[in-house]
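Protein chains in written order, with this note's numbering: chain A, 1 to 336; chain B, 1 to 511; chain C, 1 to 333.
Please keep in mind that the hints were generated in silico from the structure rather than gathered at the bench.
Some hints here could point you the wrong way.
[Said to hold, decoys possible] Straight-line distance between alpha carbons at most 35 Å, and here's what the computed DSBU-like set of lysine-lysine pairs gives:
(1) B/Lys-325 to A/Lys-133
(2) B/Lys-156 to C/Lys-7
(3) B/Lys-216 to B/Lys-18
(4) A/Lys-133 to B/Lys-216
(5) B/Lys-34 to B/Lys-242
(6) B/Lys-393 to B/Lys-34
(7) B/Lys-156 to C/Lys-181
(8) A/Lys-133 to B/Lys-440
(9) B/Lys-325 to B/Lys-440
(10) C/Lys-7 to C/Lys-181
(11) A/Lys-133 to C/Lys-181
(12) B/Lys-440 to B/Lys-64
(13) B/Lys-325 to B/Lys-156
(14) B/Lys-156 to B/Lys-242
(15) B/Lys-191 to B/Lys-383
(16) B/Lys-64 to C/Lys-7
(17) B/Lys-216 to B/Lys-191
(18) B/Lys-242 to A/Lys-133
(19) B/Lys-216 to B/Lys-139
(20) B/Lys-139 to C/Lys-7
(21) C/Lys-181 to B/Lys-139
(22) B/Lys-485 to B/Lys-156
(23) B/Lys-440 to B/Lys-34
(24) B/Lys-216 to B/Lys-34
(25) A/Lys-133 to C/Lys-7
(26) B/Lys-216 to B/Lys-132
(27) A/Lys-133 to B/Lys-383
(28) B/Lys-393 to B/Lys-242
(29) B/Lys-64 to A/Lys-331
(30) B/Lys-64 to B/Lys-156
(31) B/Lys-156 to B/Lys-139
(32) B/Lys-18 to B/Lys-34
(33) B/Lys-393 to B/Lys-440
(34) B/Lys-393 to B/Lys-431
(35) B/Lys-34 to C/Lys-7
(36) B/Lys-216 to B/Lys-64
(37) C/Lys-7 to B/Lys-132
(38) B/Lys-34 to A/Lys-331
(39) B/Lys-440 to B/Lys-242
(40) B/Lys-156 to A/Lys-133
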Amino acid sequence: MSTVSPQPEKRIIPDRLGTPFRRIAASWEVLLFAVAVLIFIFNSLASPYFLDAWNLSDATFNFTEKAMIAFAMALLVISGEIDLSVAAIIALASTAMGAAAQLGIGTPGLVLIGIGTGLLCGIFNGVLVSVLKLPSIVVTIGTMSLFRGISYIVLGDQAYGKYPADFAYFGQGYVVWVFSFEFVLFIVLAILFAILLHATNFGRQVYAIGNNDFAARFSGIPVERVKFILFLLTGVMSGVAAVCLTSRLGSTRPSIAQGWELEVVTMVVLGGISILGGSGTIGGVVIAAFVMGLVTFGLGLLNVPGIVMSIFIGLLLIITIAIPIIARRIKAMSSR
Amino acid sequence: MMHAATQKHDASPMPEAKPVLEMRGISQIFPGVKALDNVSIALHPGKVTALIGENGAGKSTLVKILTGIYRPNEGEILVDGQPVTFASAQAAIDAGVTAIHQETVLFDELTVAENIFLGHAPRTRLRTIDWKVMNSRAKALLTALESNIDPTIRLKDLSIAQRHLVAIARALSIEARIVIMDEPTAALSRKEIDDLFRIIRGLKEQGKAILFISHKFDEVYEIADDFVVFRDGRAIGQGGLKETPQDEIVRMMVGRDVENAFPKVDVAIGGPVLEISHYSHRTEFRDISFTLRQGEILGVYGLIGAGRSELAQSLFGITRPLSGKMMLEGREVIIHSPEDAIRAGIVYVPEERGRHGLALPMPIYQNMTLPSLARTSRRGFLKAANEFALARKYAERLDLRAAALSVPVGTLSGGNQQKVVIGKWLATAPKVIILDEPTKGIDIGSKAAVHGFISELAAEGLSIIMISSELPEIIGMSDRVLVMKEGLSAGLFERAALTPEALVRSATGNA
Amino acid sequence: MARLIRKRETLLLLIIVVMIAIFSTRSPDFASPANLAGIFNDTSILIILALAQMTVILTKSIDLSVAANLAFTGMAIAMMNAAYPDLPLVVLILAAIVIGACLGAINGFLVWALEIPPIVVTLGTLTIYRGMAFVLSGGAWVNAHQMTPIFLSVPRTPILGLPVLGWVGIIVVLMMYVVLKYTQFGRSAYATGGNPTAAVYAGIDTGWTKFLAFVLSGALAGLSSYLWVSRYAVAYVDIANGFELNSVAACVIGGISIAGGVGSVAGTVLGALFLGIIVNALPVIDISPFAQMAISGTVIILAVAFNARRERNRGRIILRDRAAADTRTEAAA
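Could you build the full structure based on these sequences and the hints that come with them?
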């Protein structure tokens, strides 16, 4: 009976190939960053008001709230799911806070209620997707209607306007110089989410699930538990965004943040997160947030109406997705 | 030897007809591997040509080229002597090529009739689909195949054998001239195989050319006229079966004598490690009991659809058993999830390593550390140095061949991918490893390495359950064999009693 | 399993009948033919858009831009009608269908040629088309008095008790039934979504099928745009805002699987009717119209849960034959 072939000298396999530079240079984030720089330059040439510190600070309000949700949404999309109810959660959380404010509850309580509502909505979504195993895209279309619908039942066509004075700090206050509380919160959350996604076991599990949820399950990863937590995160982040937005607007209507879910998804996809799951970085989402903010702000300075701005966002989305695909096709054709 | 000495039914000897399809110098190159290397074969009308080769020899690539799914990098295809290019699957269908795949590639939600006629449904004068004619023609085709399947029911209600019949009916409906059958008998009982062969002989009489892909010699000798042997992407030998003894074909297939392919080392078998009593699942298997001892390799044999993978997945916690008891090292354990199983020391290397075992786009080292993150990380934070160290350790132990540990595992060959999966599990220090078709799709060279490695693991004291459909592998490697048939246990064989005939008889339930 | 599918549609029909019965206890006129015809008429546009969405979903895609398509196309023809009152209505309707089809073709092209996931494509075109509606109109509205009498009256004209709008709905339903059941395209749509790999092996061009699905969806959105603008006698940028989600909801309620390859025209129509009845019934049973959204949402969630139970991935059921054999031998004993 023969045995295994004799051991050859130890084969040394390197850890990594190539230089870091090559890997980074070819990435989506760099392409997007280049686009951001171009837009920045274009804007500063197009309008004299652009390069003003306070104006730029105002510009950040365009994207900070959406970006907070986008961070959590990015993790969810990487894992292969989606949550279209985030804007409706904002509406419900805002309504809850407004109702509480009418009852005289102070700011700390309002914040708790806002985030708590987001958490509860996240639990609801999480149960439907993780426990009942329902497809997230249609189930969150349902919860989207349900959550905003509850706001409509409570408020009808009225609005809540009475908020305590110090509540306005979150959306309108500044931490230092031009940096608003929202902007600082955005940066802090960006760092936290980046650490969560890129440096922890949990983040690795999210990537694994998105790449192949069978293999992840077969490797002992608690897929349902992870996805449940991700829905909790989008719920909580929507609650946080609700606090900021309500504080900034100073009032609540059931139609608050209408359409934001699609803008958040746009931000995520523009940030390089594949809608099919398994890849993408928080850095990309941060750059995408800036890009969208720069575009809307710059166009705003040129007095372009909001709805026309969305044409640019839509075009940006499609073009940035299409460019790498077209480039790959051209390369394939020329190598034949 | 697995050679059935039956008389072949012979059609009246045909003069050497011109080939209906020829492939000349076909090569297919994928990144990192040459799947086909300068292959030339010819298919003649009214003849069955057997394509023989181990898994990974290039057979399915050839089928994909013939059916227009892939376009070859080199070489040409000739139909009736004229060079053709199959620009798409439809072009191949138009040229008269049809294939019955191993896994039926049909539509569960559509009816049987529609599956048969999809793409070429009979039309009314208004060019709309004529359902009535379609149903009646489907019924006629099925009746000609001596089946009474109702053409109006949905495909998902049929058994595997019945789906095969629908695939055959589809081949007949296209009036194909070249019929490719890829391992068509994998899930069939003896009677169903006889029916299939009767149909094939009918097709021969109609002048169709048949490419019969199989690695089961008794079937090949029973039904085929000519043979082509593939090994490592090359057509090693061709000829008529009547003139070629089986040994020669085996030698062509394997490249050396079969004996050396199974380096089983005699291992001292210890006490019981895993005791399974009356394990039952609601729909997939019932009343399975066995004991696995330390250092033992328990083979699990059966036809496709016998419930072996389903059993393994239940043991591993992917599904929950309806009833049954598991004792691990004398203590009862309840496994409700893969986490429970891994913690208890039971791990599972799945049959479909691409679909279930690995995240192909992710780097090798990340795949290897996936179940072991708790150990390589510190308080939940990833530590790349630890991960690379773990990956390096097992890459060396398994003699992994890769450009770097950070390349996506999807770029590796089948054999190396399998090593990554095994390495991943070894890193968890398991007591029991369940291997599901461990050498499926692996070239013959790496197969021996995997077998050698499995023997080493047994020698080190691991207990191994090895599910396999390849008789030589099962007989060569196992200390004992559990045979399953249609979800039930069909027998437990000691090593001394392991013969191919006994196992096959047990698995198919036929004398 | 054909039984189960049919059961889904009959179940839905039953629920609708029960709902109508319940509502008619509160308001006896609810179940009158005139009222029911009115409800059908009101729901026709949703039915048409839901059928458009269904075609796309069958191919494993989604079209989030149908409402934006409707808005742009509706604005375009309303403006045409206001500027050229002598243009025959037929020309306007054809223009609406063609414009809608072109917008759909853009979606289809991006999905087919560049293989961009449909959700991303239609997310982009959703904002682009609506923005274009603004650019086209300059933000201005087209009001009833700017539209020609014929433009406004044709869909309202009753024939045999049902306005033309309702008849258009019926015709579209019949047309879609024929297309999906009797044409190569229809069957390819089911195949493409049901098992994309097998569809390719069977010679079906899945990319082209998806393209055609989007074109058809766009054309139906174009047709609906005329119906909407005429029925509500106004055209402005925000019309049908969010309506794309209603069309998806109608499909889901009707049993269309979001994974593709499964679903029937009857189911979609019933799903849309279900939503339509709820909208119509709320004032009848004294529930504030503000509750409509929450009720729709709950219904959608229940429908999805129901769909999922049907689709739950059963194992190979290896023991089934044996189980059947056992019961037979037991019965014989």
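Earlier hints that do not hold, by number: Violated hints (numbers, rising): 4, 14, 15, 16, 18, 26, 28 and 35; every other hint is consistent with the structure.
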